[in-house]
Amino acid sequence: MIKRIIGTAICIVMSYAVFAQEEEIKFKILNQYEETLNNAVITVGGNTSEYLANDSGYFTIKAQPSDVVVISRSGYNDFPSSIAEIKKDQPITLHKDFSWKDLMNPMFYIINGGLWLLLFIVFAETGLFVGFFLPGDSLLFVAGIYSSSLVHEFFKAFGIGHIRNEWVDLLLMTALISLAGIIGNMVGYWFGRKIGPAMYSWKDRFLFKKKYLNDAHDFYEKYGGGAVIFARFLPIIRTFAPIVAGIVQMERKKFMFYNIVGCIAWVVSMIFAGHFLQIWVRKQFGFELRDHLEVIVLIIVLVTTLPVAIKLLSGKKKPKATV
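First residue of the sequence shown? That's 1232 in the working numbering, and the numbers climb one at a time after it.
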């Protein structure tokens, strides 16, 4: 009888000790593009359940120090971890499988190529007609948010990574991207002067639509040389505007003036908007714009493509009714 009582007491004490070791742990889950994930399947100590994040984006689990934690989500690689690692209060990053939709995500280029790829994207979107689908506006806006880290990687490549200054970072990145855009437009202009007229006889393909060339031509006819400036802020149009300028044999000096002014205005407005809006929102509202990039990119895409969409939807004017 006494042995049974002692055994029961020992079991109660051990159970209480195990229960007492359990603690509540909070953490965030992001993907490699730093987008917050709000649901996941989490295995804690062999028990698997589906969890939802709270309004602040945090997951809460109860676990013991010895528990192994595995975080899973459809379309992502599993993330095994330990309680000690999770308690470091660092966001957990799940890596998603590549899909073609990633090519429209600015963070795909920033994460995988940094400033070098960013410069090529700006050049390609304005200098190669196949670059019309690239995310120019949203990419520059997001680059403004990450300007310090992007330029730091650039400095490290030249062995001067110790340079850390907000204005140096902004001005250098603005100058480099502006140069890439200016050169891109020059290539498009040269392309238009050389073989542009023949493009009107090309057949539509996946990466070329004659409609885009006609839209850029109409835009140019309406606004003249200023179209080179305005086109910088309009997706698709900005790819074909320099080509059309070359087709109509616009004077080189005139083109270069509009090219430089338009490119600098576009780059400065987008990069500075991303950088300083991030700082202002953090001070005023206490949250990071980078945590809501999906919404921001969607808004930028809607705003910048709205004029083009209206033009495409309006299409040709309805013929006047004959009496």
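Everything labelled a hint here was simulated from the structure, so no lab data went into it. Be aware that a few hints might be false.
[As the list claims (entries may be wrong)] Restraint-style ranges between C-beta atoms, simulated for each label pair: (1) Tyr1431 <-> Ile1342: 31 to 41 angstroms; (2) Lys1425 <-> Trp1347: 39 to 49 angstroms; (3) Phe1518 <-> Val1479: 46 to 56 angstroms; (4) Arg1395 <-> Phe1518: 23 to 33 angstroms; (5) Glu1254 <-> Gly1288: 14 to 24 angstroms; (6) Glu1253 <-> Ile1391: 42 to 52 angstroms; (7) Ile1394 <-> Val1299: 41 to 51 angstroms; (8) Gly1456 <-> Ser1305: 46 to 56 angstroms; (9) Val1479 <-> Ser1305: 50 to 60 angstroms; (10) Val1479 <-> Gly1517: 45 to 55 angstroms.
Just so you know, even glycine gets a beta-carbon here, dropped at the ideal spot from N, CA and C.
Structure-based check of all given hints:
Checking the proposed 31 to 41 angstroms range against tyrosine 1431 and isoleucine 1342 shows it holds: the Cβ atoms sit about 39 angstroms from each other. The given range of 39 to 49 angstroms is broken by lysine 1425 and tryptophan 1347, whose C-beta atoms sit roughly 28 angstroms from each other. Taking the beta carbon of each, phenylalanine 1518 and valine 1479 are about 48 angstroms apart, inside 46 to 56 angstroms as hinted. Judged by the Cβ atoms, the range 23 to 33 angstroms given for arginine 1395 and phenylalanine 1518 holds: they are separated by roughly 24 angstroms.
About 20 angstroms separates the C-beta atoms of glutamate 1254 and glycine 1288, a value consistent with the hinted range of 14 to 24 angstroms. Checked against the hint of 42 to 52 angstroms, the C-beta distance between glutamate 1253 and isoleucine 1391 comes to roughly 50 angstroms, which is consistent with it. Take isoleucine 1394 and valine 1299: their Cβ atoms lie about 43 angstroms apart, and the range 41 to 51 angstroms holds. The supplied range of 46 to 56 angstroms is met by glycine 1456 and serine 1305, whose beta-carbon atoms lie about 52 angstroms from each other.
The beta-carbon spacing between valine 1479 and serine 1305, approximately 52 angstroms, falls within the hinted interval of 50 to 60 angstroms. For valine 1479 and glycine 1517, the hinted distance range of 45 to 55 angstroms is satisfied, since their beta carbons lie about 52 angstroms from each other.
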